[in-house]
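Given the coordinates of chain V, work out where chain G should sit on it, guided by the hints.
Residue numbers (my numbering), protein chains in the order written: chain V, 1 to 248; chain G, 249 to 842.
Honestly, the hints are just simulated from the structure, not real lab data. In this text the structure is predicted, and so the values were computed from the model without any measurement. Don't take each hint at face value.
[To be verified] When the alpha-carbon atoms are kept at most 30 Å apart in a straight line, the in silico DSSO-like pairs for lysine-lysine are as follows:
#1 V/K107 x G/K829
#2 V/K124 x G/K722
#3 G/K839 x V/K91
#4 G/K820 x V/K97
#5 V/K91 x G/K734
#6 V/K107 x G/K683
#7 V/K107 x G/K635
#8 V/K107 x G/K839
#9 V/K155 x G/K635
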Amino acid sequence: MDSVNVLIVEDTPAESDALVQVLTANNYTIVGVATSFKNALELFYNSTVDIVVIDIFLNGNPDGISFAETISISPNASKPFVFLTSSTDRKIFERAKLTQPFSYLMKPFNELEILYALEMAVEKFYAQPDVFLGDQEDTIISSQYLFIKKGKSLKKVIITDIIYIEVEEKYCNIITENEKFVILISLTKILKLLDTSIFCRTHRNYIVNTEKIVEIILADNLIILSGNHKVTLSDTYKDITKKIHTLK
Amino acid sequence: MVIFLDIFVFMKIPMHIKVEIRVSLILIALFSVNALSSQEEQEKELFDIEIKNKATEYKSHAYFHDAALFFIEKNWDSTLVYSMKQLNTIQNNTEVKDYTHYFRGYSFNQKDLFEEAEKEFNQISRQFEFYDLVKLRLGEIALEQNQFKKAIPYLKDGLLKSSNNLYFKKSIVLKNLGLCYHHLRQFNDAEYYLFKSIILQEKSQDTLEMVRTYGDIANLYYEQYRDDLAISYFEKAYKLSEKVKDFQSKRNTAFNMAVVEENRKNFKEALIYRKESEQWKDSLNNQNKIYEVAKLEKEFAIKEKQKEVTLLQAEKKAKTVERNGLFYSAIVLLILLTTIIYFYREKIKTNKIIVAQKERLDELNATKDKLFSIVSHDLRSSVNALKTSQAKLLDNLESGNLNALSNLLQNNSAIVNGAYNLLDNLLHWALLQTKQSYFEITSIRLFFIVEQIAYNYKPIMLEGNIDFENKVLKKDMVFADQESLKIILRNLLDNAIKFSNSDGKIEIYTQDVNEGYCDIVIEDTGVGMSEETRLELLKESGLLSKKENENIIGTGLGLQLCKSMIKKNNGKFSIESELGKGTKMIVSLPKTVL
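Next comes chain G alone, as it looks inside the complex:
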């Protein structure tokens, strides 16, 4: 833009003034380039290392640390924010403060807020390690604001104090000084500094800077109307610019040459230079275009990449979904399998139980069948006996034999009693198996129950001349269900009588052997039993089959019933017996404590 404006002005105004303005315009253009180049990357990088060290040193100052890092990253806004935060904290030492102000000044400068920058730099104490840099920065700011007089002392100071400083280019400072004097129209001083600068640049082979500085020198002479010198430097700059890649510099030198030739009225030459300048300008534009195209391409590439990424993401998503699906179905299958195995095992278990139950049932059924056959056999015998007896009875009735009648009737009565007891036991057995019968455990006085049971057997015992004695104490009390206790005692007494010889003795008494239990003993002096029989009787669900004594030994149902009922009453049952001497049937029931 500046250049176009320049041409426009050149066309309109008279020569003398025209040149001045032209030169100053070019100078400004050059200057701005200088300002840029004064922040050379290399120097900044070197300085950044220093900053980094400081940041590590003051790690405890979190904001300072952050501000420093942002400063290194050239994130000026963030640097400003964190440096402000750091300044707001109280615990600042001078060094931290100085650094912080430096960050702020530098950042403001970068954001072209020169006044703010100047303020910040001015707050830095003189003890600051890089105070020379501060001076230089202030000088640059002054230069930036065209306050050349103000800039000169700063630049000079800075230059003086840091002759060996690595963190800035001396040549640039010198050139800036030269420019200042140039603007102040102190051409001698300007010349001095520019030459000093060019010497340094020639030493360091900094071609680009040299091009610029030659331009500056040429301008300086040109403004003093020392055209020969000026033209030689313009040409020098122009030639040197051919080695440089910077289009702007090439264009500027070409343009300057065009202006020079024009002024010398060498329009042909001027035209060539101008064309070249145009060409560089185009190149510059082209370069810009190329940059733009490159940028567009890049954007496009990014977009493409983005698309690809999206596509990949979608694919990945799809894959994830697929994988998850597989995973879940695997889990479901596993669960299904486990369940199946579980149920299968359960089934096996159940089957086992069922088989066991079936065996037990078969066993019980067999027992029942056996019981059935024995009972029916017994009943059949009883009824048969009754039938025979009945026939005899009728015979005797006809013949009028009354003595025989009495005997027969007594016999019948005994048979019927036996059959009745059998049926009674059968009934209770059935009720017990189906758990239909009423059962209530209460406290019972044993004596009266024994009396009541014995009462029914008194005539039989009298007949058999069996001596019976109820030795149970009136105070003996047990916990039992009354009806089942009666059934137990009835059966045991019945057995005792059945296995007693005439003139035998039966005693019922209690003994206190087990803690908390009352032992009811039914003792007879009858035939007794072998150990084998005894064990057989005590066996679970052992029904005695017909054996030795057909007349006496019954079904075993009575004793089974006793055992079951004793168990139901929470009692225990035991037998003591000696063959030929007698038997003790012992029922232990929980005692009632008064």
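Chain V on its own, in the form it takes in the complex:
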């Protein structure tokens, strides 16, 4: 599990320092603090960023909105972001609101508020609402990562690192090369959101990363995965063999 990378765009050092402190304390990685529009773009494109925290006013101009607009234009590069502002001026808000999805946080804010705002931004951005706030789920699936709520903060797991997923009622055991952990997510949702060209169901309770398969022993209904993990292959899902042959 990796920590989530945050880019801060904020021109007031005192405030950015406070932000850095709070986020670091909650296991977020700060990839950088930009103080201008240009600076922000450089940092954004040169580092792996998961969430951006943007102050609307940079040096007295609403450059924060311009920055958000810029990164929203390219769909592949865009990332979840949160606006910070000390004013509820309607005109500014109307403009900021055009950058969808729109999340904002009023200054001054406390630790809980900023963490909440970040979670909301991720939820809204990946269009999977009510994940982190409810009791039913704790994971959001993007194309690259699983964002999992751990305590007060978020963690991420690279999807291609997953070897297989074992479903146990409303929990899912995620087994990667190095780790094994439990997330809260429904089976239907995980099946819907995972890339089906990589992940295949082999059993009522198993979803396997086909790229991690080492051997399929049909006689024993068994799949051997990298790291010597063994998974059952039920008759219902035996079609998987054809798919893998064609792949290899």
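Okay, now just chain G, sitting in the frame of chain V:
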């Protein structure tokens, strides 16, 4: 004209033949007069009554009805048109047909189209009620065309069948018969009928006819060269003519006398008669002239009248125009007046509104001023406290009393927090009043908002040893604007803490009392409030002035802000409190249904 021609002939041709021609000419002249008199008004009128009755009887035959009416009005052309139309319809009974043919025959006769008239009369059936009249008409037509032989049987027939008929003059028929025989030179018969006629005329005292008939008799004798008899009748006629007003008759008799005297070689007498005849002729001409003059006068009078009428019309027009002008100007004035009244009333209304608004504004302004003074007072106190504390801090720093420093700093922090909250509320109040702030109602999970708000107050509550519990369920969701909800909760929690004693307890939870609403309850175990205060707090725009507890009670701005924002979020606000036991602040917001 006939007479002039007569004189001309008289001068040129020998005596014998001359007399014959003369007589016949006079006869024709007399005859034509007879033909006219045969259509005597009186008889026609009587007959018209009969026609009218028939017209009413056959009202269903529209054309017949019309034809009959035109017949009565002597409008011959129209009678011909409508009678033709009637004949063209199919639904004719014999009686209608007979009447129609009679109308046509009579009309043609009046227009001197004798052959057509004869044809029409011949088409009438024998059953026709007035067939005798038809016979007489046919006889007259024949007479008119000088077919005397043909005329006689018709006239005789007609006479025979209708001895008591009211619709024609028997004497005239008799005279016509006489004339016919005269022309046929059957003088005896002629004499017989003429005498019969004259007897009837003498009986009815019809002087004019008598004059004519005497003339006819005289002519008859004269032609037979029974001059004595003839002359006596001529004289009789002449004398009788003096009683008559008809100039033509007077002239004819005078002229006949002149001719008679001339033939007797009494030229002197003849000259006198001739002169008299000339005189009557002049009279006739005069009469004509008088008629003409009268006609001209009449025309002139009509023209005058017309002029007058035109003038009156013009005057009337002018008057109408004037009246219309007055009318329109009255209307315009009325409209103007109405408009003025309307605007005046509007103005009064507007004035009233303005006055009301002014009062409200004054009130608001007063409130604002009051608020201003309270806020500045509060701030002044805070800053003053800070100043004092600062001085103490410096003193303690110099003396190196570090324990006191910590306490003082904590105190300062509390003061600054209070001042900050006050300013924050002030800002939001101002933004709310000017409606400048961003406001978006969304679905919000209440639990996290409460957590976030409480987070800032944790240290204070810990310090005051106040037990806080967020009992809001994670699934509780409300519809609200996030920022304003935070302001509401912040203020209410702030109040709860402010009015809690140490070791008190504050709970935030939700309850489901009202349909469609989620009640957020902030409950404390603090000092509580009196009913009076409670009502005062719930009052619209009631800013609490300084009272009882100088240290605790603030401006009331926070609560006002809460109330306004709850209202803006479509929520409700209520307070439950018991003095000394605690207070429940209840915010009801629309619930999000999952």
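Now for the hints, and whether the structure bears them out:
1. V/K107 x G/K829: violated, 36 Å
2. V/K124 x G/K722: holds, 19 Å
3. G/K839 x V/K91: holds, 29 Å
4. G/K820 x V/K97: holds, 29 Å
5. V/K91 x G/K734: Given that 30 Å is the threshold and the Cα spacing comes to 21 Å, the pair holds.
6. V/K107 x G/K683: holds, 20 Å
7. V/K107 x G/K635: holds, 27 Å
8. V/K107 x G/K839: holds, 27 Å
9. V/K155 x G/K635: violated, 47 Å
Taken one by one, the earlier hints fail for this structure at numbers 1 and 9, listed in ascending order.
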